[in-house]
Amino acid sequence: MKNEEKPEEKSFRSRLQRYRPLARYLGNRFGVYLFTLWASLSLAFILFRFMPGNPMAMSVTQLQSNAGLIVGADKAAEYYREKMGLNEPLHIQYLKFLKNMIFGPFDFGHSFVKYPTPVNEVIGRYLPWTLGLFTTSVILAWILGTAIGALLGWMRRSRFASWAIVLTTLINITPIYVLAVFLLLGLSYKLGWLPSGRPYDAQMMPSWKWPFIKSVLIHAILPVGTMVLVWSSGWILGMRSLMVSVLGEDYLAYARAKGLSPLTILKEYAFRNALLPQVAGLAIVLGMSLNGAYIIEIIFRIPGLGTLFANAAALRDFNTMMGLLVFSAFTVLTGSLIVDLAMPLFDPRIRRSDA
Amino acid sequence: MTQDTPQEAVLAIRSLSVVYVGRRSAAQAVTEVDLEVQNNEILGLVGESGCGKTTLAVAMLGLIEPPGKVIGGAVQIRTHDHSTQDILKVKPSLHRQLLWKEIAYIPQGSMSALNPVKRVREQLTDTLIEHGLKKNEALERARWALQVVSLDAAILERYPHELSGGMVQRVAIAGAISMQPPVLVADEPTTALDVVTQRSILQELVSIREKFGSAILLISHDMGVMAQIADRIAVMYAGRIVEIGSIHQVFASPLHPYTKKLINAIPNARGRESGERLIGLGGESPNIWRHPPGCRFHPRCEFAIERCSQQAPVFTSPNGSSGQRVACHLY
Chain A
109 MKNEEKPEEK SFRSRLQRYR PLARYLGNRF GVYLFTLWAS LSLAFILFRF MPGNPMAMSV
169 TQLQSNAGLI VGADKAAEYY REKMGLNEPL HIQYLKFLKN MIFGPFDFGH SFVKYPTPVN
229 EVIGRYLPWT LGLFTTSVIL AWILGTAIGA LLGWMRRSRF ASWAIVLTTL INITPIYVLA
289 VFLLLGLSYK LGWLPSGRPY DAQMMPSWKW PFIKSVLIHA ILPVGTMVLV WSSGWILGMR
349 SLMVSVLGED YLAYARAKGL SPLTILKEYA FRNALLPQVA GLAIVLGMSL NGAYIIEIIF
409 RIPGLGTLFA NAAALRDFNT MMGLLVFSAF TVLTGSLIVD LAMPLFDPRI RRSDA
Chain B
187 MTQDTPQEAV LAIRSLSVVY VGRRSAAQAV TEVDLEVQNN EILGLVGESG CGKTTLAVAM
247 LGLIEPPGKV IGGAVQIRTH DHSTQDILKV KPSLHRQLLW KEIAYIPQGS MSALNPVKRV
307 REQLTDTLIE HGLKKNEALE RARWALQVVS LDAAILERYP HELSGGMVQR VAIAGAISMQ
367 PPVLVADEPT TALDVVTQRS ILQELVSIRE KFGSAILLIS HDMGVMAQIA DRIAVMYAGR
427 IVEIGSIHQV FASPLHPYTK KLINAIPNAR GRESGERLIG LGGESPNIWR HPPGCRFHPR
487 CEFAIERCSQ QAPVFTSPNG SSGQRVACHL Y
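Heads up: the sequence lines are chains A and B, in that order.
Each residue of the first sequence is one higher than the one before, starting from 109 at the first, in the working numbering.
Each residue of the second sequence is one higher than the one before, starting from 187 at the first, in the working numbering.
Isolated chain B (complex conformation) (with noise of 0.2 Å):
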């Protein structure tokens, strides 16, 4: 993938390559990612379950645990002092410290996310007291937090279990921006939650954008969740990115046979007036145990070529240097 600001990116992931490590073989589930997000950026990462969407935000964060393994590849960012880390690279100490401080995680606010036994209080100020604020601080912090996602207070010294999942979203949030991070990782924020929910928590996020001016990397499943509120968009199909560009372009004239098809997915409500039917994916999801060879998506593909099969494709910018790019041989 090309550079195009290599200067503005405030987090770039540079082929990152991640397997599960099984007895006899190795499953591929994130093949030689690219992807660069900017300040006051949103990049949505769109793509089927189980397509490496969860595994690529794990190992950005440097999380990867046993059976999983990063087999290559770096994830720069761009710190608060200006420096560039590879969070892949640093010691374990300076990974804690770049967490939250530069990187943070918004997981899917389901009710599991916060520890069932300890109050909101604690689960925000022990992140800030070991990032190194004093306790009054971190307290005042954690309630600012709050404010800034619009919950009350008293929060604090509640248990997860006696606030709704959109609160626990917000906390989830709340927690994320407490150290004021350049980059957040959105895992599927809304995918528990109910569609008035869902839509406030996305304009949260949207308003934390506009006033920290941090860079929001959000993994969805949901197609209708990016054309809300991404800037950009990277469609991922069995562990590699096949196409990547503004929002605009890749609604209005998606270019990989994959992102068409996601696109005609989606239902919309004039479909039901005009008698139109959904057209779902045809054939199997991929199985990161066997990809297929050369374009992974070539099974699945109506306009599957020859070469398809053959060579893996690269990405090129068929429309000129607009940004969007493709994975494909079509082009």
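Extracted from the complex, chain A is given alone in its bound form (with noise of 0.2 Å):
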């Protein structure tokens, strides 16, 4: 029985041997990768032109028939044609289309509405204030939810602890535009503490010189604020009772029958463990940050990409709704591959794992 409990020897080739469920769980995620990602594209493609009416080529009909009326119409209207193979059979359209994708990479031409600009620039455009603003919100709400809710979970007993959960799990039912509504009326318009209703001062052109950054950062405090609030609250809550298992754990006990200090239970038995599924639900509202939000951006008025989206929408701009559509896939399912391959640097276990 010795020999059976006693490691391998540490050879080389038991090293690599090792390492082997690891590489065939990296291999494993990047493929799943690739294949949604390829699924969601085609998904991108069949909406668009199977939609009642083929609205792409439709739009391009369209275009052609005011070649009379607006002046470069038919050049428009030709470029289209060209750019995505419209004249040809289906088949030859997705290739077309896949290819501008692969090689392009994410070639989607130029917008309709804003032509001759290009859709990646259009998008480029709007990006910065999502990113800003959004994806700044989501990051700060993580790390603040993440930290309160370990330390109500770890003071579970006291009353302080369950006088937060309820104003918490209160907040985390408010809908995101009552309270923001709420906050702009209360802050900016009846006590004018902060200002609201654009995202930088109107007399400045933007430029990375200091008053309009901070202009900009003045501006951002209340939606940034409304939803840190709301966006924090579900990690408060999800945080404390993953918090609340863990110290129920075996392996905590012990931890105490030790002797160890509680700050060292706290911070390398309990919070470190009831982080992992915390670390994977990030990047999934990471990636879905990118979507922008329409409802906010309109209360606050943050010319983000949910704005964008509903704009093209209106205007039937299909190729920038493609972009955007195709844009929120890749960045959704990039947080969560960046995300399950980082996860075997949390837990030692996926490492051993067949996923």
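Keep in mind the hints are simulated off the structure, nothing from the lab.
There's no promise every hint is true.
Straight line, CA to CA, 27 Å or less: simulated DSSO-like cross-link-like pairs of lysine-lysine [stated by the list, open to error]:
(1) 304(B) x 320(B)
(2) 375(A) x 277(B)
(3) 397(B) x 320(B)
(4) 321(B) x 375(A)
(5) 207(A) x 222(A)
(6) 375(A) x 397(B)
(7) 277(B) x 287(B)
(8) 375(A) x 287(B)
(9) 191(A) x 204(A)
(10) 183(A) x 222(A)
(11) 447(B) x 287(B)
(12) 321(B) x 275(B)
(13) 375(A) x 320(B)
(14) 317(A) x 298(A)
(15) 446(B) x 321(B)
This one's a predicted model, so the numbers in the text were calculated from it and none came from an experiment.
These two chains come separately, so use the hints to put the complex back together.
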């Protein structure tokens, strides 16, 4: 039995052997990622060709019929026909589409509405606001929520923690637009403490100079504050219950019996272990944050990707809509791929599993 | 309980009572338990599930958490420097130092006893470092401890899920002996293991006692385990110790009716040939929220007399000063 319990010799071969499950895991994840990306690209293609009336072709035909009225309309129509192969059979169109996606890469051509600006450039104009406000809020909310949730879980038996949980639940179930309007009316219109209604001072021109950055930051307090407040509440509740369940584990009782200081137990045993599902959750939300959120953008007048999508839909700028669709699929998938690839660093058990 | 050799007891539990506080009443989990463990002795604590064994173990380490509450008693340990400390009274920082240096705990070695995301090395050395060792000393000590329980030092770089149940149990034992504490508390150390591994773990405990002269309080529901390695045995029923004596006394001439029934309930190999049937314990297992008055065993006891339901029995030594004591009105 001693033989059986002794670990294998530390030869190079056996070391390699130990990393094989990890390599298989990483390979699997990447394969799934590529497949899902392909599937969502194809779905985007199908959606815009097979929707009743084939909107892609229809838009271009419409453009063509306006050739007499709009200068250069026929040239634009010719461009789209060529770019997307609209005169060819569907499977050729599909191959052309894939070619533009892979070798472009992500080349959607010009926007229908803002011709001849490429779709990617249009998205690029709106993206900084989404990144700066939404993604920042998501990250801040996660950090704050995880930290507060961990502490509330740690002091689970205190009266303060119980009341804090009630309050957090109340914030969590409040729709974000209700809270946003409430804060806007209170802090901005009534008290006049914070500016609102635009992303930066109306008299300023966007630049990388301090007065402009300062103006953006001040205008960001209200929207970012609202989003962080609501979104962190979810993380608080999640982290707290994770902590409470980890605190009931046998290894926590054992850690206490070892005479470890409470700080070590909190950091190394409870928080460390409760963190794992939170990290996985962050990735997904982080990817989704890049879609923007139309309602919040409308309330705070942020020119983000949600607004762009709504505008594109209203003006039937199908090319831009498709670009946004593919972009959001790409970011969500890449976000979860990054977490999948990073998870083995946090959880050694994954290195061994056959997932 | 009398104090035979108070100067020799390295661990003395005095009249320890623990309750679980409920909304309206409190459950009596452990009631006025007295136990002494000497150097170089394995004291077995046996009883059925729910009789308070684990609560007693946790309480004597000073680790009872709400809703559990120690309502009386003391846990005295004689430390390395020959002073006596009451684990339940010392301040938290000293309490943490006493744990592992003076009294260490061996949990049931199921997979969940070790933190799944930390290497064995980290889980052994973090304790040693917090007890005053330098980092390289701690690593050296961890290697040594693994060697004592016949594990390869390469285990240090493993994660718990890469170990077998027997190996996890050995790691737990290695952890407990790493500071060479005079007292070890082993709570069901063999329960999750197959019989072969069980035997080797028990031998490990015996050899540790021989090497270091440690006192071991071995908690188990398994009379067979007790018979293999314990020197003395204490039988617990419904939160009270009902009988205590040397392993030979208790097995050869059990006094308490509960002990007798426990021993009758051990399956034996010859029983099958002679067509004997196992005799189980009749009656309901005790409810800690409502203990019967008097002797807590009397509703299940076939020898119960009137006094049993009125008055709690005190310890007596019916066989003279042989060390076997029983709490029963029949003696």
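How the hints compare with the structure:
no.: 1; hint: 304(B) x 320(B); result: holds (20 Å)
no.: 2; hint: 375(A) x 277(B); result: holds (22 Å)
no.: 3; hint: 397(B) x 320(B); result: holds (25 Å)
no.: 4; hint: 321(B) x 375(A); result: holds (19 Å)
no.: 5; hint: 207(A) x 222(A); result: holds (23 Å)
no.: 6; hint: 375(A) x 397(B); result: violated (36 Å)
no.: 7; hint: 277(B) x 287(B); result: holds (16 Å)
no.: 8; hint: 375(A) x 287(B); result: holds (23 Å)
no.: 9; hint: 191(A) x 204(A); result: holds (8 Å)
no.: 10; hint: 183(A) x 222(A); result: holds (15 Å)
no.: 11; hint: 447(B) x 287(B); result: violated (39 Å)
no.: 12; hint: 321(B) x 275(B); result: violated (31 Å)
no.: 13; hint: 375(A) x 320(B); result: holds (20 Å)
no.: 14; hint: 317(A) x 298(A); result: violated (31 Å)
no.: 15; hint: 446(B) x 321(B); result: violated (52 Å)
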